[in-house]
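Protein chains: 2
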Amino acid sequence: MQNSYYADLPVLVTGGLGFLGSNLILELVKLGARVTVLDAMLPLYGGNFFNLEPVKNQVKVVLGDIRDGEKVKSCLKGQKLVFHIAGQTSHVDSMTDPLLDIDINCRGNMIFFLACLEECPDARIVYAGTRGQYGKLKYTPVDEEHPMDPSDIYGINKMAGEKYFLLLGQKRGMAVTSLRINNTYGPRHQMKHGKYGILNWFVRLAMDGQALPVFGEGSQLRDYNYIDDVTAAFLLAGEREEAIGEVFNLGCGEPVTFRRMVEMIVAQAGSGTINTVPWPEERKQIEVGDYVADFSKIERLLGWRPQASLTQGLDKTIAYYRQYKEHYWAG
Amino acid sequence: MQNSYYADLPVLVTGGLGFLGSNLILELVKLGARVTVLDAMLPLYGGNFFNLEPVKNQVKVVLGDIRDGEKVKSCLKGQKLVFHIAGQTSHVDSMTDPLLDIDINCRGNMIFFLACLEECPDARIVYAGTRGQYGKLKYTPVDEEHPMDPSDIYGINKMAGEKYFLLLGQKRGMAVTSLRINNTYGPRHQMKHGKYGILNWFVRLAMDGQALPVFGEGSQLRDYNYIDDVTAAFLLAGEREEAIGEVFNLGCGEPVTFRRMVEMIVAQAGSGTINTVPWPEERKQIEVGDYVADFSKIERLLGWRPQASLTQGLDKTIAYYRQYKEHYWAG
Chain C
0 MQNSYYADLP VLVTGGLGFL GSNLILELVK LGARVTVLDA MLPLYGGNFF
50 NLEPVKNQVK VVLGDIRDGE KVKSCLKGQK LVFHIAGQTS HVDSMTDPLL
100 DIDINCRGNM IFFLACLEEC PDARIVYAGT RGQYGKLKYT PVDEEHPMDP
150 SDIYGINKMA GEKYFLLLGQ KRGMAVTSLR INNTYGPRHQ MKHGKYGILN
200 WFVRLAMDGQ ALPVFGEGSQ LRDYNYIDDV TAAFLLAGER EEAIGEVFNL
250 GCGEPVTFRR MVEMIVAQAG SGTINTVPWP EERKQIEVGD YVADFSKIER
300 LLGWRPQASL TQGLDKTIAY YRQYKEHYWA G
Chain W
0 MQNSYYADLP VLVTGGLGFL GSNLILELVK LGARVTVLDA MLPLYGGNFF
50 NLEPVKNQVK VVLGDIRDGE KVKSCLKGQK LVFHIAGQTS HVDSMTDPLL
100 DIDINCRGNM IFFLACLEEC PDARIVYAGT RGQYGKLKYT PVDEEHPMDP
150 SDIYGINKMA GEKYFLLLGQ KRGMAVTSLR INNTYGPRHQ MKHGKYGILN
200 WFVRLAMDGQ ALPVFGEGSQ LRDYNYIDDV TAAFLLAGER EEAIGEVFNL
250 GCGEPVTFRR MVEMIVAQAG SGTINTVPWP EERKQIEVGD YVADFSKIER
300 LLGWRPQASL TQGLDKTIAY YRQYKEHYWA G
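So the sequence lines, in the order shown, correspond to chains C and W. Once you know that position 54 of the first sequence is 53 in numbering that gives the first Met the number 0, the rest is easy, because the numbers rise by one and skip nothing. Once you know that position 184 of the second sequence is 183 in numbering that gives the first Met the number 0, the rest is easy, because the numbers rise by one and skip nothing.
Read the hints as simulated data drawn from the structure, not as lab findings. Bear in mind the structure is a predicted one, so any value in this text is a computation, not a measurement. Each residue gets a CB set at the ideal place from its N, CA and C atoms; glycine is no exception. Possibly wrong hints are sitting among the right ones.
[What the hints assert, rightly or not] As a list, the in silico EDC-like pairs of lysine to aspartate or glutamate whose alpha-carbon atoms are at most 16 Å apart:
1) W/K170 to C/D96
2) C/K137 to W/E144
3) C/K170 to W/E281
4) W/K170 to C/D148
5) C/K315 to C/D227
6) W/K170 to C/D92
7) W/K72 to W/D121
8) W/K170 to C/E280
9) W/K76 to W/E144
10) C/K170 to W/E280
11) W/K170 to C/E281
12) C/K170 to W/D96
13) C/K170 to W/E118
14) W/K137 to C/E144
15) C/K170 to W/D92
16) W/K170 to C/E286
[Unchecked claim] Sample of chain C residues at the chain W side, in silico, Cβ under 8 Å:
17) F48
18) V58
19) P97
20) L98
21) L99
22) I101
23) C105
24) R106
25) M109
26) P149
27) I152
28) A159
29) K162
The task is simple: from the sequences and hints, build the whole structure.
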């Protein structure tokens, strides 16, 4: 499965011990890339050494924070491609500790980008943006031209970070791409809490035979991508010339209601129950209503299309956690 | 000239020793408000004790930075209205020192807003936004619905700051208004450098008998407001119920080309010459083309309309600096 672009390519993945990063790294290693991983292993997020167990002897892992300029610079030397995935990732925490979100997602992103300009100005950078940058939608499906008016501090700062990268990339001649990721689920996601990654969290609740709360009617539409499809999008974004300077939405093409997603998890796990409850205040504050993505731009320019149905993705997800539960359930 | 709303009203003005802040304070004092001033007197910006000379015994001046949470809290106790004008204000510096811009305009704004929530949750806040939040215009005149895609880090962070205030204001029940200010000129602006406030800087060059550089043809349209009109908009935004939760553009209604503005300065100053030069690279990078504002929203909701013509504003500006040159020319 070698690929002439990725074979021997020096690649840095930030947040590489987390969900998106580790799945991406497994593919990069298959493709023959020379991977360096930078991860701060911040306790609240998804970093987990077990995520990279299958390739632990084939990648270089550096423990460090994107806010540590000297550490970052040492990792960036000689890189040709950077997948920049590290960040504060909890919507809820961004509202209770907005200064931490600013510190990581504004200051940290800028420190990281300035280091890229200094150490590897000819490298390409793929930035992990988020559907949270749009906030409550004015129309669906949401395309990349939709105004951005985030409903939480996380969304505001991820938007600012994306703009830093695209603006400075354009002005200083660095090739930047941003993928605005929607709800993604699958193996290697943290299963310790439900502050983000709600689908994975519900898989845990179901597997534990617990009640899965559905707020209100659960009729809001969601657009879930299986992790392998998101990994494929990152690989295309890191390789294809057409991606330079662009932002792309990801999406699944088959949005489901929140309640339907919960029903499918309970059915496929064969355990757990559904519990309809009123909206909790902290969630209501940041709930954005229906989210359906228009991903025709990445389909047109990069030829990306999601492959996994929700049924297929859930099957693989549940199977993974059945096998490796011990590595994810513990705090 | 007492006014029942402002009479005895406890008001905090951040950046109150600078251009916008000091002119606003002179009016607030006339209206009978009880004014506290918070200013960090950062050396590169427009803070100048002489700006408040006429009211120095009628206001309380606190030297402090919006990034200093304890200092901020001590100033916010008991306030009923906050005009939050302090910030990093140079487009050019935001590109050469983006981390400083993030520190002041992201982190500092959040520290300030969290302190407001703690100390004066019932106060109203008026945030000084900027036309720079829009970036290069997709259409003119620009209304408040125009997408925001700033051309410099300053614009990105002022946008993020505005979104922090509006979002948290809405969620935590604080009354926030943002005025997106366009190019403003007049008395009490710093005259030490031309990094921002180019019209004032050109007034200095003309008064000094120097050459006023016009980049290229100078055909880009600009929308200049005289300071007294901007002050009037702040006073309305701080008083009127209709302003709560809203953003408003300011504008002059009579855009002129950059070259015409320069010609008028030279003519009215009676000195200085025009020097046509190619665009310098650092300016070209952040030049956004024509800027013409649609200010019909503030006209409709608050009854604001600019009163001063460019000729009238320039007359008053030149007269002020002729009288008080010694307080502004020196470093």
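- Any hints this thing doesn't respect? Which numbers, in order? Going through the list in order, the structure violates hints 9, 13, 17, 18 and 21 and respects the others.
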